[in-house]
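Enquirer: Each chain, written out:
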Amino acid sequence: MKKIKILLGASAIAVAGFFMVAADHIDAPAVAGGTSDITDFYAFQGENTNNIAFVANVQGLLSPTATAGAAFDENVLVEINIDTDGDYVEDLVLQAIPRNGKMYVFGPVSPSTTGLNSVIQTSAVQTSVDITAYGSPAVTATGSNGVMVFAGPRDDPFFFDFAQYSEIIAGNAPGGFNNPGSDTFAGTNVMSIVIEVPKTLIGGTGNINAWVETKSK
Amino acid sequence: MKNIKTIVYALLISAVAFNCSNDDDNSTPIEPTGINFSGTYTQDDQMGRPAVNTVFVSAASKNTFNTTIPSAQDAAFQGMFETNLTALSPAFANPGDQNALGQDAAAFTGLLATDVLNISLDGTTTFYDGTNVLTGRALADDVITVELLLIFGGEDFTENPALSDDHVDGNDKTFLTSFPYLASPF
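Chains as they are written, first to last, in my numbering: chain G, 53 to 269; chain A, 174 to 359.
In isolation and in its complexed conformation, chain G is listed as follows:
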């Protein structure tokens, strides 16, 4: 019986997964469902208002069962790009890469090259943290430059009635959205990297632009 439940759960997720392409989950065929598939990106003032917290989530739509076996990929670099002068070219990067159960975060640092190819800026200040295991309390670390780091599975913070949106787009829902709607992402997890950075290290004041990239080798 338990096995049947698991199978039913898995097929429900498979069916739902086919239709889910929201936020940035499974947004493009080349990355869909892989270890470099970005699901979401957030940037907000931290609990300490002198800091900005960046959240980069990958590998969406993980069921609890799948989460227990999920891992960051050592061949995938998660890079937060920061443009401090408004030209949409990265002036600073934060580079996160896993090795042997730890997440290593370099920066913020001016990258040696901008654009589609990156090398890891190993001379930058490095902050490492044990990747939090599924079911364990969050492990965090703070680097010598004040950068705080977390890496591990978390509840997917995204919420959207994506199933109904898909019905609307497909022409099957002339009445539009339901009220209340149903959160298609309820009960699913992501692999999350949270990096909180003192504002003084990313421009200090004014406006910046940021985006997240996954890069693999």
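Source of the hints: derived by calculation from the structure; they are not laboratory data.
For each residue, glycine too, the CB sits at the ideal point set by N, CA and C.
Heads up, a few of these hints could be off.
What the hints assert, rightly or not - The calculated label-pair distances, taken between Cβ atoms and stated as ranges, are:
{"hint": "1", "chain 1": "A", "residue 1": "Ser234", "chain 2": "G", "residue 2": "Gly223", "range": "44 to 54 Å"}
{"hint": "2", "chain 1": "A", "residue 1": "Ile208", "chain 2": "G", "residue 2": "Thr165", "range": "14 to 24 Å"}
{"hint": "3", "chain 1": "A", "residue 1": "Ala335", "chain 2": "G", "residue 2": "Gly86", "range": "15 to 25 Å"}
Unchecked claim - Take a look, some chain A residues computed to stay more than 10 Å from chain G by CB distance:
{"hint": "4", "residue": "Gln251"}
{"hint": "5", "residue": "Pro268"}
{"hint": "6", "residue": "Thr304"}
Unchecked claim - Chain G is nowhere near these chain A residues, computed Cβ spacing over 10 Å in every case:
{"hint": "7", "residue": "Gly221"}
{"hint": "8", "residue": "Gly252"}
{"hint": "9", "residue": "Thr259"}
{"hint": "10", "residue": "Ala264"}
{"hint": "11", "residue": "Gln271"}
{"hint": "12", "residue": "Leu274"}
{"hint": "13", "residue": "Asp277"}
{"hint": "14", "residue": "Ala279"}
{"hint": "15", "residue": "Gly283"}
{"hint": "16", "residue": "Gly303"}
{"hint": "17", "residue": "Ala311"}
{"hint": "18", "residue": "Asp315"}
{"hint": "19", "residue": "Glu328"}
{"hint": "20", "residue": "Phe330"}
{"hint": "21", "residue": "Pro358"}
Add chain A to chain G, keeping to what the hints say.
Expert: Below, chain A without anything else, positioned relative to chain G:
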């Protein structure tokens, strides 16, 4: 024929040579920690604002959008975004039609096509909270409803009410007030 062969060989060689650039075992800068961080990492995916690739990029271009640097996205994609926006929300095709930010189709898609998140270092950080616009993205921001309102809601957020709110207003778990902010997994 010979030319074709030469071209094929050239392509093969360049393909192999390209692969070699990832094979970096020879010039390995081992860090003091003894961990190997060497090699060149090549872009797979990117994201600034939520749902932009999903909603505004045509199916055949989704991979290309993910590997176009932000400074080149406006020139490459604004026209496609405007076409797809107008298809989704035909009112934008009417001259003078605007969203609640006072943007017509060209201005709105001109903002969205460069897919970066704008962040203020001086105070409230939110996608939209009724006062502040595009100063960040907080976990609890109902970004989808904001985007639906800007796409379907017209000049004052009152048009197409059945399409401009999905009526999912918050997450299924409570966020933490302290780092790392995201709720524990299910």
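Enquirer: Flag every earlier hint the structure violates by its number, smallest first.
Expert: 1, 3, 7, 17, 18 and 21
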